[in-house]
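K.L.:
Can you build the whole structure from these sequences, using the hints too?
Protein chains: 2
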Amino acid sequence: MRSHAQLTPIGLIRSPFQEPAGTPIQPVYAAQAQGTVEVFSDYVDGLLDLNGFERIWLLYWLDRAPVPCLQLVPFRDDVRHGVFATRAPCRPNPIGLSCVRLLGIEHNVLTVGGMDVLDGTPLLDIKPYVPAFDAFPQSRAGWFEKGHSGRTHADHRFAPETRDSRD
Amino acid sequence: MRSHAQLTPIGLIRSPFQEPAGTPIQPVYAAQAQGTVEVFSDYVDGLLDLNGFERIWLLYWLDRAPVPCLQLVPFRDDVRHGVFATRAPCRPNPIGLSCVRLLGIEHNVLTVGGMDVLDGTPLLDIKPYVPAFDAFPQSRAGWFEKGHSGRTHADHRFAPETRDSRD
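Just so you know, the sequences run in chain order A and B.
The first sequence begins at -6 in the numbering used here and counts up by one.
The second sequence begins at -6 in the numbering used here and counts up by one.
Hints are supplied without guarantee of correctness; some may be wrong.
It does not matter which identical chain is used: a pair holds within one copy or between any two.
When the alpha-carbon atoms are kept at most 16 Å apart in a straight line, the in silico EDC-like pairs for lysine to aspartate or glutamate are as follows [said to hold, decoys possible]:
#, residue 1, residue 2
1, K139, D35
2, K139, D70
3, K139, D71
4, K139, E47
5, K139, E99
FYI, nobody ran anything at the bench for these hints, they're computed from the structure.
P.N.:
Here is the structure:
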């Protein structure tokens, strides 16, 4: 029984991106961006048979997210939406979720494609991507389908230091 | 900047399932199971425009998960795999991830279909399901594609009280 919601980093994400501005906002906009996932040695046994999966979910702690904001203008639109209707980082629980391509595993280091995560981000979990559970290509996607911005990379709007000027 | 990985429940998941045994192991096996998501009043403003999405991701704290085990025999197979190559609950950070169908929203209460979560589970986050980010129907899925078990509902194997007999 684990009732106390305390997280333990199980690894570190390494990427070419040192700050939010210029970082792809989703793996789908980061086709050329490779990175690595360094799983701490205590957890290496948990990687058994992961190599058969073409894609994996990374769950990570958005350690450089700004304080929560419940409504915001997301990168893909120019009007305000509720944070739970967006993938923005300023969430009450800043857990990031990215579906990346698994390119290789060497002992405790995973090489992945479609990296959209900041360098040094603490890894919380890896889950296999299973189309039967995760792929619903026809699912209606609300404002995303008619979002007014074609933006594919982050700007400064969710960087911690700019928060005061936004609220 | 939020460097301390401490989670705050933002709501409660209500479902017909009181214990792991008999609970669907994924939403895709829970087509008939409806449930509700009660978002705490402090966070209701974050739901703006969520109603346009057909599916949503629920992230939740698996508060009745057993202590972590790095390798295990999952419900969908009869051989052992690494926990990160499975969706089993006995994870180092027990964060559950379910793609459920959003049937309606009334103020702070979401009605959802495909409920595979235990009643009373603490909600951590809601994210919109966006096919462009999340749907990869052709993605290779390793051992899942040839798993030897057709099991669609949980048994007792990950219930906390049976852990001693499994390890």
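K.L.:
All hints, please: hold or fail.
P.N.:
Status of the hints after comparison with the structure:
1. In this assembly of identical chains, K139 and D35 lie within 16 Å of each other by CA distance neither inside one copy nor across copies; the values are 45 Å within and 29 Å between.
2. When the C-alpha separation of K139 and D70 is checked against a cutoff of 16 Å, the pair qualifies only within one copy, where the shortest distance is 8 Å, while the shortest distance between copies is 41 Å.
3. Within a single copy, K139 and D71 get their C-alpha atoms as close as 11 Å, which meets the 16 Å cut-off; across copies the closest is 45 Å, which misses it.
4. Proximity of K139 and E47 under a CA criterion of 16 Å is satisfied inter-copy only: 15 Å between copies versus 30 Å inside one chain copy.
5. With identical chains, the CA atoms of K139 and E99 are never at most 16 Å apart, being 42 Å at best within one copy and 24 Å at best between copies.
Hint compliance for this structure: hints 1, 5 are not met, and every other hint is.
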